[in-house]
Structures are given as C-alpha cells and as structure tokens.
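Engineer: Protein sequence lines, in the order shown, are assigned to chains U and A. Just so we're aligned: 134 in this note's numbering is position 134 of the first sequence, and the numbers increase by one with no gaps anywhere. Just so we're aligned: 69 in this note's numbering is position 69 of the second sequence, and the numbers increase by one with no gaps anywhere.
Just so you know, these hints were derived from the structure itself, not from any lab. Fair warning: there could be bad hints in the mix.
[Said to hold, decoys possible] Below, a list of computed lysine to any residue pairs in the SDA-like style, where the Cα atoms sit at most 20 angstroms apart:
#1 A:Lys156 / U:Ala151
#2 A:Lys156 / U:Arg122
#3 A:Lys143 / U:Ser79
#4 A:Lys156 / U:Asp147
#5 A:Lys143 / U:Glu80
#6 A:Lys143 / U:Arg103
#7 A:Lys156 / U:Arg144
#8 A:Lys143 / U:Thr57
#9 A:Lys156 / U:Thr130
#10 A:Lys156 / U:Ile119
#11 A:Lys143 / U:Asp100
#12 A:Lys143 / U:Ala81
#13 A:Lys156 / U:Asp146
#14 A:Lys114 / A:His219
#15 A:Lys156 / U:Ala129
#16 A:Lys176 / U:Asp121
#17 A:Lys143 / U:Thr89
#18 A:Lys156 / U:Asn126
#19 A:Lys211 / A:Ala29
#20 A:Lys156 / U:Thr132
#21 A:Lys143 / U:Arg84
#22 A:Lys156 / U:Asp121
#23 A:Lys143 / U:Gly120
#24 A:Lys156 / U:Leu116
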Amino acid sequence: MNDTPLFKVSGVSKFYGQRIGCKDVSFDLWPGEVLAIVGESGSGKTTLLNCLSTRLTPTAGSVEYRMRDGQFRDLYHMSEAERRFLMRTDWGFVHQNPADGLRMTVSAGANVGERLMAIGDRHYGNIRATATDWLSRVEISTDRIDDQPRAFSGGMRQRLQIARNLVTGPRLVFMDEPTGGLDVSVQARLLDLVRGLVNDLGLSAIVVTHDLAVARLLSHRMMVMKDGYVIEQGLTDRVLDDPREPYTQLLVSSILQV
Amino acid sequence: MTELASYNFAYLDEQTKRMIRRAILKAIAIPGYQVPFASREMPMPYGWGTGGVQVTAAIIGPDDVLKVIDQGADDTTNAVSIRAFFQKVADVAVTTHTADATIIQTRHRIPEQKLSEGQVLVYQVPIPEPLRFLEPRETETRKMHALEEYGLMHVKLYEDIARHGRISTTYAYPVKVAGRYVMDPSPTPKFDNPKMHMSEALQLFGAGREKRIYAVPPHTEVVSLDFEDHPFEIQRFEQNCALCAAHGVYLDEVVLDDKGGRIFVCSDTDNCEDRREHGHSGEMLAPSKEAAE
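When you get a sec, could you build the whole thing from the sequences and use the hints?
Structural biologist: The structure is reproduced here in structure tokens:
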C-alpha cells in the first residue's frame, strides 16, 4: 500500500440555509481502502457523499484528490470540464437506484461502452469485447448484452451499473446504498461480487449505507454520522465490536438477530 | 399590390430581420453551434418550415433568385407555397434551376448539382439538437456541447450496430463541424452528408419551433461520425432513374400499382429534368420515345 493518501477531506460542511447538512468532516482515504459512512436517515450521509463526489458544492472546507500524475488537486478549484472528465474516467458513482446511473433505453453493452466512447474509443469490436468481458465479470450472462436494462432484474441492473462504472479502471468509487432495495440473497451475492472486485482491482471506495452488515463486509474503516456530525470513526471491526459512543452502541444493538 | 401595403419587404419587419441576421452572423462565426433566436409566428404551421422561411426572409434581397425544394422536388405543396409566399411578399425572381438560384431553401435534400460560391442553402430544421433523443434535458445537452462531451453520440451508433449489424441511421446522421461541434444536419438523407463537406456554398439552418439557428460556412470541414471498424457509408442504389437513367444520385421509390409495380426516380426533379433535356432517358421513357418515332 502507498503511504500517501488518495483523497484528502478537511473541514467539509454543507448548510441548507440554517439547517446543517453535514458539519466539519475531515478524513483521508488511502489507495485500496474502503470507507463506510453509516448512520440513520437524515444523518447527512448522502449530503456528505455528494459533497465529496462534486455532485454538490460544500459550503466550506476542501476536498483534494491525488491525480494520476501524483499531484493533489482541489476538486472545487478545477474547471467543470476537468471535474466531469475525472468523474467519468478515474471515478465511479454507484447509485442506490440503478435507473439513476444507467441509460434505461440503450442496451447493456452500450451502457458499459459509453464511458469508453466518451474517452475516445472508436473501435466497435473492441468496445463490444470489453463490454462482454465486463458483463461476465459481474456475472451477467453475455447473451444479454443487447438487452435493455429495463428487461433486467433489480440485482442485475445493480451489477450492470457497477460494470459500467468500473470499465474505465477507476481508482475511486462512490457507492450510495449499493444494496438498498435488493432482497437478502441478492444482496449477499452483490456484496460478494463487490468485495471481490475491490480486492482484485485495488480500488478505493466510499460506501454510504444504513446497513451495518454491508459496512462489516465491505469496509476497512467506518465513520458513524448523526445529525450532520461524524460522532465516531475507526476500524470497522473495532467500531462494531466495541462501540464507544452511546449512539453507536444503540445502532449496533438495533441489528435484528435471526 | 395595394392590399400588401401593410407588409414590409419579405414579410418580417426590419427589427426582426436584424435580430435574425445577428443570430446568423454568430452562427457563421461558430460553425455548428446552435444560436438561440426569437423565432416569430409565421403564416404557416410549425413543422412546415417556419425556421427556414425566417432565415430566408432575413437574407433575401430584391435581386436574389429563389429556389425552394421539398425532398428534392420543386413541385410539391411545401415548395410551391413557400415559393409563392416569397414571390408575393418580396416580389423576387424564382427559379427551379439549381445553377440560377442565389438562395435555395430546402426541406431535407441537397441538390445533386454541385453548389458554387455565392449560393446560400437554407435548411428547414425540425429538431436541431443531435443529442435530443439520447439526453432529454436541454441544460445537460448544452453543457455537453460546451464541454465537447460527445461520447453519447457514439452510443447511438453503437446501438445501431448492435441491433442491425451496421449503422442503420439513414437520415439526420450526426456530423462534426470544423472539428468542434456535433451537429444534426436536419433530416437530410446521409447520402447528402458528403456534399456538406468543404461546400463552396454557405449553409444556414433554421429551426422555428425550437428557436435555433446554426450554420456551416463555405469551405468548412464536415465529418460524419463513425467507428473505425464500421466506417461511414452512404446509401447506394442498384437501379438507375426510370426517367433520366441517372446513376449515383438519390432515388425515390414510386409505387405504380397494387401488383408490386414500382420504379425509382430522381429525388432531385430539377436535375432529372435537366438530364432529360440533354437527351438522357430511362427505361420508363424509352418505349414512348420509340412509339413517337
């Protein structure tokens, strides 16, 4: 592992008028590390994720990203063109609802190939071969390549969305409740797949979830949010097995045991 | 002409023409860029060429010679009525001969005869945004044009190949103008795309309902988008024109009866007539010619 961080966040705050979205969040993310952000609904997880992924401009604070040339760049001092380029090459964003992240009216192959075409790939045969390869990596049968995602089940759509994001070999992936809305067995398969991919590709990821099991399985480190503040952070196993804050203790003890 | 006293020359008032000319100048300065303009109500329904008519009205002068074509033909309703409109409101000379015209307003064809310097081709455009059916948000498509993010255009071509084995888009085939803006050449058949490239004539595009004007100045590079392994191709016709025996021109299929009888004839009527005057005759005319002799 590299000892320079990939992503440096300091003092990020977002206010909606008088109301707090998230307040004074700072952390570093290292290459290959998966960070989970957990908390109940309304705790500011998604606001924070959007602030980090340039989908929302924070009110205060800075977010720096180490580009491929090793230089740190402040995301909010880049031009919009650079930011958008970064988002579709070096980053991925997996939405909770696959319909937000996919083009529902074009085929699965085109969905995966879109990023390749966006960065200038102009060889149909190569694009299709790459798309086929990625579909099999996310366990979608390759004879479905010309079907539209509309014809896919929820789990398949989510896997397709992941393939679409990973095809350009990003170094950082943001995930917003990647398993939300899926049934338990499909969730388990998806988590397994994501864990495998993250390991194989050495990805860094920031995963927002309200599901502590997801955090346990995927993440190395986690942050617990409440009312816009990060109230506790540390190694996932430490936080889940030995929660210090009363709220975290409450969260952990609220998990249903079967 | 007393009943027309209330009309200004070429129907539009001078301030409106100035506004449209400004938009045209801007469009010429930025080839392929869609310039918004305050499109006016015209005495015809949207979809009948209100954009093209406004552009023509803004650039036409008393000395101009106007030709209007609809799918290549000079004698269809749309062409006849627009031609009559300008005869009435601008009292200009009109022609059907491509070479004689200074302004050619067209709905979806480029004349077969090569256009020359000094001529202006005005297109009637229904939907100016090439990305429209892929990305419905106007705010987003403008951003994509601004940042030159045209990957999506290839997604459409990819879909074509995935479904049909080849690029099946046959009209409104997207082009890149002067290496920068991706442009919809209006629903002209892709057969005409190569004619836009390095054309000596000025090409103006007016979309009345969508309130956009764009342009391709003379001698500008116009490249049709494609894939390396699926290069751009134009339509080819096996037949010759049944009337003038022309080959390598764009042909229309005409159904003759309900027993499967059909012929292919030139879409460009002026070119076809001209060839027949010069003694070319296709299979349809040949027997009657012999009978006459």
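Engineer: Give a verdict on every hint.
Structural biologist: Results for each hint:
Proposed proximity of Lys156 of chain A and Ala151 of chain U is supported: the alpha carbons are some 19 angstroms apart, at most 20 angstroms. The straight-line distance between the Cα atoms of Lys156 of chain A and Arg122 of chain U is roughly 13 angstroms, inside the 20 angstroms bound, and the hint therefore holds. A C-alpha spacing of about 13 angstroms is found between Lys143 of chain A and Ser79 of chain U, which places the hinted pair at or below 20 angstroms, so the restraint holds. The suggested pairing of Lys156 of chain A with Asp147 of chain U holds, with an alpha-carbon distance near 15 angstroms, which does not exceed 20 angstroms.
Pair hint Lys143 of chain A plus Glu80 of chain U holds up; C-alpha atoms about 10 angstroms apart against a cutoff of 20 angstroms. Between Lys143 of chain A and Arg103 of chain U the alpha-carbon distance is near 18 angstroms, which keeps this suggested pair within the 20 angstroms criterion. This hinted pair checks out: Lys156 of chain A and Arg144 of chain U have alpha carbons roughly 18 angstroms apart, not beyond 20 angstroms. Distance restraint check for Lys143 of chain A and Thr57 of chain U: the Cα-Cα separation of roughly 18 angstroms lies within the 20 angstroms cut-off, and the hinted pair is therefore satisfied.
Distance check on the hinted pair: Lys156 of chain A and Thr130 of chain U sit about 18 angstroms apart at the alpha-carbon level, within 20 angstroms; holds. Between Lys156 of chain A and Ile119 of chain U, the direct Cα distance comes to roughly 16 angstroms. Compliance with the 20 angstroms bound is thereby established for this hinted pair. Proximity of Lys143 of chain A to Asp100 of chain U is assessed by CA-CA distance (about 19 angstroms); at most 20 angstroms being required, the pair is judged to hold. Restraint check for Lys143 of chain A and Ala81 of chain U: the C-alpha separation of about 9 angstroms stays at or below 20 angstroms, so the hint holds.
Distance check on the hinted pair: Lys156 of chain A and Asp146 of chain U sit about 13 angstroms apart at the alpha-carbon level, within 20 angstroms; holds. Using a Cα cut-off of 20 angstroms, the hinted pair Lys114 of chain A and His219 of chain A holds, with the two alpha carbons roughly 13 angstroms apart. Using a Cα cut-off of 20 angstroms, the hinted pair Lys156 of chain A and Ala129 of chain U holds, with the two alpha carbons roughly 18 angstroms apart. The straight-line distance between the Cα atoms of Lys176 of chain A and Asp121 of chain U is roughly 16 angstroms, inside the 20 angstroms bound, and the hint therefore holds.
Simply put, Lys143 of chain A and Thr89 of chain U have alpha-carbon atoms about 18 angstroms apart, close enough for the 20 angstroms limit, and the pair holds. For the suggested pair Lys156 of chain A and Asn126 of chain U, the alpha carbons sit about 16 angstroms apart, so the restraint of at most 20 angstroms is met. The suggested pairing of Lys211 of chain A with Ala29 of chain A holds, with an alpha-carbon distance near 18 angstroms, which does not exceed 20 angstroms. For the proposed pair Lys156 of chain A and Thr132 of chain U, the alpha carbon gap of about 18 angstroms is at most 20 angstroms, so the pair holds.
Restraint check for Lys143 of chain A and Arg84 of chain U: the C-alpha separation of about 11 angstroms stays at or below 20 angstroms, so the hint holds. With a CA separation close to 14 angstroms, the supplied pair Lys156 of chain A and Asp121 of chain U stays within the 20 angstroms bound. For the hint pairing Lys143 of chain A with Gly120 of chain U, the CA-to-CA distance comes to about 18 angstroms; that is within 20 angstroms, so the pair holds. Taking the CA atoms of Lys156 of chain A and Leu116 of chain U, the gap is about 14 angstroms. The hint holds against a cut of 20 angstroms.
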